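Trainee: Given chain A, work out where chain B should sit, using these hints.
2 protein chains.
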Amino acid sequence: MKFTIQRDQLMESIQDVMKAISSRTTIPILTGMKVEATEQGVKLTGSDSDISIESFIPKEEDGIVYVENIQPGSIVLQAKYFPDIVRKLPQQTVELEVDDHLNVGIRSGSAEFNLNGQDAEEYPHLPQLQTEQSFEVPIDLLKDLIRQTVFAVSTSETRPILTGVNMMVENSELYFIATDSHRLASRKIPMQEQLQNLSFNNIVVPGKSLTELNKILDDSQETIEISVTENQILFRTQHLYFLSRLLDGNYPETSRLIPDQSKTIMHIDTKELLQSIDRAALLAKENRNSVVKLTTKADNHIEITSNSPEVGKVVEEVEAESLEGEELKISFSAKYMMDALKVIDTEKVNIQFTGAMRPFLIRPIDNDQILQLILPVRTY
Amino acid sequence: MKFTIQRDQLMESIQDVMKAISSRTTIPILTGMKVEATEQGVKLTGSDSDISIESFIPKEEDGIVYVENIQPGSIVLQAKYFPDIVRKLPQQTVELEVDDHLNVGIRSGSAEFNLNGQDAEEYPHLPQLQTEQSFEVPIDLLKDLIRQTVFAVSTSETRPILTGVNMMVENSELYFIATDSHRLASRKIPMQEQLQNLSFNNIVVPGKSLTELNKILDDSQETIEISVTENQILFRTQHLYFLSRLLDGNYPETSRLIPDQSKTIMHIDTKELLQSIDRAALLAKENRNSVVKLTTKADNHIEITSNSPEVGKVVEEVEAESLEGEELKISFSAKYMMDALKVIDTEKVNIQFTGAMRPFLIRPIDNDQILQLILPVRTY
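Those sequence lines, one after another, are chains A and B. The first sequence runs 1 to 380 under this note's numbering. The second sequence runs 1 to 380 under this note's numbering.
Accuracy of the hints is not assured; some may be wrong.
Same chains, same names: a pair is fine if it fits in one copy or spans any two.
[Stated by the list, open to error] Straight-line alpha carbon distances no greater than 30 Å define the calculated DSS-like cross-link-like pairs of lysine-lysine that follow:
no. : residue 1 : residue 2
1   : 335       : 19
2   : 88        : 215
3   : 215       : 188
4   : 19        : 313
5   : 59        : 80
6   : 313       : 88
7   : 88        : 297
8   : 335       : 88
9   : 88        : 271
10  : 143       : 188
11  : 188       : 342
12  : 293       : 80
13  : 208       : 342
14  : 335       : 348
15  : 342       : 88
16  : 297       : 335
FYI, nobody ran anything at the bench for these hints, they're computed from the structure. Quantities reported herein were computed from a predicted structural model and do not represent experimental measurements.
Isolated chain A (complex conformation) (with noise of 0.2 Å):
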């Protein structure tokens, strides 16, 4: 194997596929990453056998050429030495060769170094999914379905299922669903219309590899394949493979915990209100998730109170632009309150309560895409 490719391109690819390589998978192997070049291009592979990642650089695109002088073949490298060679590399072009030793030369200006590869036989091979259950969505939405549901999966392996996101299509409409049975993240996106025979709903992405994901996208209205078996769920976009197993179990129905009335309902300027929770959490710092309690007053004010016996104890009025409703005085985790907050990106945000010791609802003033639920915390 034998290619001469640009560096910048190099290292990108480098980091989405680092992304599934640990350094404490049980398959000696799969801590290296396997480097591929065909006619066509320079394929590399990661993988910690939960999250499989592919990334492509083609030899030309929009007539630009990545790729020189390919000689096709395959050899693994150990990702723990690759990635910050190819960093610190001296010029923008970078030769890689290949002898049949499995010794590997990667050179860039005077610098040569050489590098004791493995055979990349020896790599499992990623299944090749084969899928009726395919759709696509642009990128920048799918971001946002998972930004604003990700963080709500539980982090305990209590309930493994709780630690995924449920991926649902119900009435033409795609819902990415957290809970971790304390509060619930929700948010949805209309399908498009070609697609509306698809249907699914017991579908379970661990949370970790939504994040992973997450942080390999770059914002684009382009748009990305998802194709869903029974045990995996594949991402695809022109020149990334980013391959997920599904978690085994039935997820919990959970559109039954959304209360249907309240009785009191509350319109909030977003930033104001989740700042006055920000400072209110801080004397309760021992606490790991902070509880501060929130008390209806007068002419559409409410009060955000905290209280840590030793330390001292906050209060402060906000003003809302709305409240309707009975009278309320409510604890909850300033932490989830904050998660939820953060990810409604409207000026404004509706909350409706249920009475002091049933869940309450978020969601942005004016539509009905995103919803998060809260549980409140008993105080007395």
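Mentor: For chain B alone, kept in the frame of chain A given last:
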């Protein structure tokens, strides 16, 4: 006590004095920050008993009012909470008020914090140094003196004196010298004429103190006053008072370590050499101080190599501007070499070797104000 203060100025002072506050001190009140209001302004104090820092915010300076409505008094606040609270306050103006029960009210906009304070009478008094051993240096030069030497102090407590930087006046020059016994870094600056009768040579300032001082000082051509007593050193600007203890013991005589002859002399581009050593060091990640080898070649060339049997090897040729004297093969710590080259700001360096087993010297090409010495590594 009561005052109204501008948040940005308060925050800046808090960040400075926090550099002296440790949560792991054995004297509980030192986990707090002392706040003292006088008719002149507000003074903050932090100390871990090794380092003490005072920062003063004047009532008014250059026609700008920083503090208003002052009722003199003092209090100690928990340093774990106070900085975050001030950082997150909603408005530029902050009101601080202490009642007779040591309750501290902090108000800004509609946010109101009430913190439990501690009696300022219990806070230790900082010594006010009286000394005739005082002199001034420009702040940017002091920052250079620190930056170009402090990295070479020992991190091991085997010889505690080596964890400090030796400050010395000799032949009308001020020296900073640090060594961990494997390498030495020295920087000197000329003293102002009227101070040439000043003399001290066994002043050893803890490296940690100088590192913290360097973080606090902003680059500036204004001067800082340095005062030395037997066991303490004080750095003072208009609004900052930085006091550090000195290390006990005799600093070793280092001038004898410096070879006065050389057998191989090289002039070379600082950055090119630094980058090639950085690359060669990549394969030797496992060793704490990865060892690289330098070999002189024909036509003013040198070769930098490194070899790690399990990973591979790297070879790189670098062209020197000039290369005179005996042929040479020498091995040394890549980390020490990079540390030394990074603090030499000139485009070219002068490196003088006295054989493979003798320390070698690195200097800027056109002056001798910086001197870096490194002991080679025996590789056979």
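Trainee: Taking each numbered hint in turn, which are not upheld by the structure, reported in ascending numerical order?
Mentor: Violated: none.
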